[in-house]
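Novice: If you want the building blocks of each chain, they are given just below.
Number of protein chains: 2
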Amino acid sequence: MFFWAIFDESSLKELFMTPRILDIKTQVERENTLLDCAHAFIQRESIAALTIDKLVKELPFSKGTIYNHFNSKEDILLGLCNRGMSILAELFNRARQFDGLPREQGLAIHFAYMLYAKLHPTLFMLVLTAKTSNITDKASASKQEEHLLLEGKLIGPIVSIFQESLDRNEISPPMPMTLEQLAFACWSLSFGTNALLLQNIEHCGTRSNLVVERELINNVNLLFDGFQFQPLTNDFDWTNTISRLKSITFCKEIDNLKSRGHILAI
Amino acid sequence: MFFWAIFDESSLKELFMTPRILDIKTQVERENTLLDCAHAFIQRESIAALTIDKLVKELPFSKGTIYNHFNSKEDILLGLCNRGMSILAELFNRARQFDGLPREQGLAIHFAYMLYAKLHPTLFMLVLTAKTSNITDKASASKQEEHLLLEGKLIGPIVSIFQESLDRNEISPPMPMTLEQLAFACWSLSFGTNALLLQNIEHCGTRSNLVVERELINNVNLLFDGFQFQPLTNDFDWTNTISRLKSITFCKEIDNLKSRGHILAI
DNA sequence: ACCTGAACACCGTTCAAGT
DNA sequence: ACCTGAACACCGTTCAAGT
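From first to last, the protein sequence lines are chains A and B. So that you can map any letter, position 248 of the first sequence is 432 in our numbering, and since no number is skipped, the others follow by simple counting. So that you can map any letter, position 148 of the second sequence is 332 in our numbering, and since no number is skipped, the others follow by simple counting.
Errors might be hidden in some of the hints.
As the list makes no split between identical chains, a pair holds if one copy fits it or if it spans any two.
Unchecked claim - Straight-line alpha carbon distances no greater than 25 Å define the calculated DSS-like cross-link-like pairs of lysine-lysine that follow:
#, residue 1, residue 2
1, 322, 257
2, 241, 209
3, 436, 322
4, 257, 238
5, 238, 322
6, 327, 247
7, 257, 209
Since the hints were made in silico from the structure, they are not lab data. Computed from a predicted structure; not experimentally measured.
Sequences and hints are given; from them, build the entire structure.
Specialist: Structure below.
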């Protein structure tokens with residue numbers, strides 16, 4: 185029995201072209217299902233092991249349909265990367281609202297970045313992957329736009345903290361530096377620390393005694409002291425700041441880490 | 185006319201099993217030819233575009249023979265990565281021998297790393313790629329051994345500088361730090377700065393005013409000041425150090441950069 | 001109109017056949 | 001013994017056929 189035998193062309197056209205109210209909602213839902221699935225997969229296996237064929241086996245729709253939502257595998261990865269950056273942006277905003285001195289908020293930002301890297305290692309790594317391979321080239325224009333927008337949302341709170349500390353005369357680097365340069369110095373240090381320490385440490389004999397949370401806090405304090413960011417490391421009780429970050433600002437994230445068996449070394 | 189018709193089995197065996205003196209030399213030569221070729225290719229195109237088929241088209245031997253020298257594509261990439269690390273280790277040794285204070289030598293190390301990243305961007309990126317994808321897993325045991333050995337050779341001069349500055353009482357971080365932690369703080373900052381700034385900057389609106397050589401020197405000075413590494417940024421004529429690095433220690437590398445149209449902003 | 005999965009072009013790796 | 005390239009299994013992407 186054939187479909188075409190039941191309907192004539194005009195009624196078919198009517199059936200198919202009838203605008204369905206649920207369509208847009210379904211579209212978004214499907215995109216999320218796919219990203220959820222891809223995220224779970226690369227968390228379980230690895231980015232390298234991700235395959236469209238393997239992905240489609242776990243999805244309620246077919247291979248062809250994937251390409252109605254994402255124009256390439258790289259588009260999926262950038263979509264996932266952007267999702268991670270949204271999460272990170274929310275953490276940065278909370279850090280910016282920490283009730284305390286600008287330097288405490290600056291520490292909070294780095295603390296947030298480290299928590300993010302520990303909570304979502306695969307999403308953190310995805311930014312790295314996006315930088316090394318030419319993911320951004322193959323991805324869709326819309327995803328690339330979103331990516332740039334999110335980069336701005338991440339830089340925002342950092343620049344704003346430095347602006348405030350300059351206004352309050354609480355920072356005076358040994359050489360003239362723009363807000364952008366100050367923010368960039370922080371970003372490089374944090375990025376480098378997380379990237380180098382997040383990798384499978386067991387392989388690397390030389391880094392065996394390093395714990396990311398301790399090194400991160402140390403490195404940030406060193407850099408901030410270099411900025412002459414007041415109050416200096418030894419002129420303030422930073423353990424209180426960190427315990428408030430742990431018990432109040434990021435308590436949900438800390439609980440999440442604990443439930444997965446990770447205990448912070450600080 | 186068949187080969188087998190001319191020789192009987194024993195004379196064939198004799199012909200083939202005769203130890204050829206050139207064999208080992210040819211083996212090494214072929215490996216180098218392949219690595220040269222792969223290097224040129226990813227410099228011209230990209231790591232992602234590298235294909236065994238494309239590679240073999242430019243080589244004087246066939247696809248199967250490649251697998252007599254390298255057990256996988258990842259093995260080739262790790263081989264190339266190791267080659268880069270050898271070059272870098274040589275630069276670090278020269279930096280360590282810079283005639284000056286430990287802090288000057290520390291600056292020289294970072295300067296060397298930046299020069300390396302600028303001179304061999306694809307080799308620098310290969311370390312990043314090796315870290316993100318599981319290249320190290322698929323590569324041969326011998327290449328992995330070599331990789332760890334080279335990591336040690338890179339850390340060596342850095343640790344040695346810090347040991348000397350501790351002996352001379354020229355360093356006193358605001359918190360207790362091991363030699364390993366000191367070296368790691370430097371590595372993270374340098375790695376992060378190079379990695380973030382080496383990427384195609386035109387894409388990224390927020391980083392448009394940043395020049396890697398200037399930011400690198402700034403960031404290192406900030407971190408060293410955080411270490412209380414004597415003499416501090418504003419207590420010494422560092423421009424003299426940098427001009428000696430440019431005109432003496434790394435003059436060959438600077439010339440090389442110039443010949444390619446790169447002019448350092450410092 | 002939308003979904004499907006066979007089909008396609010291309011990839012890394014192997015191995016029987018040639019020398 | 002060593003080299004070769006056809007053959008294989010698998011990949012991302014497309015598109016004719018089905019509904």
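Novice: Indicate, hint by hint, whether the structure satisfies it.
Specialist: To see whether the hints hold, each was checked on the structure:
| no. | hint | verdict |
| --- | --- | --- |
| 1 | 322 - 257 | both (9 Å within a copy, 22 Å between copies) |
| 2 | 241 - 209 | within (23 Å within a copy, 50 Å between copies) |
| 3 | 436 - 322 | neither (36 Å within a copy, 38 Å between copies) |
| 4 | 257 - 238 | both (12 Å within a copy, 23 Å between copies) |
| 5 | 238 - 322 | both (21 Å within a copy, 21 Å between copies) |
| 6 | 327 - 247 | within (20 Å within a copy, 38 Å between copies) |
| 7 | 257 - 209 | within (23 Å within a copy, 43 Å between copies) |
Hint 3 from the list above is the single one not met by this structure.
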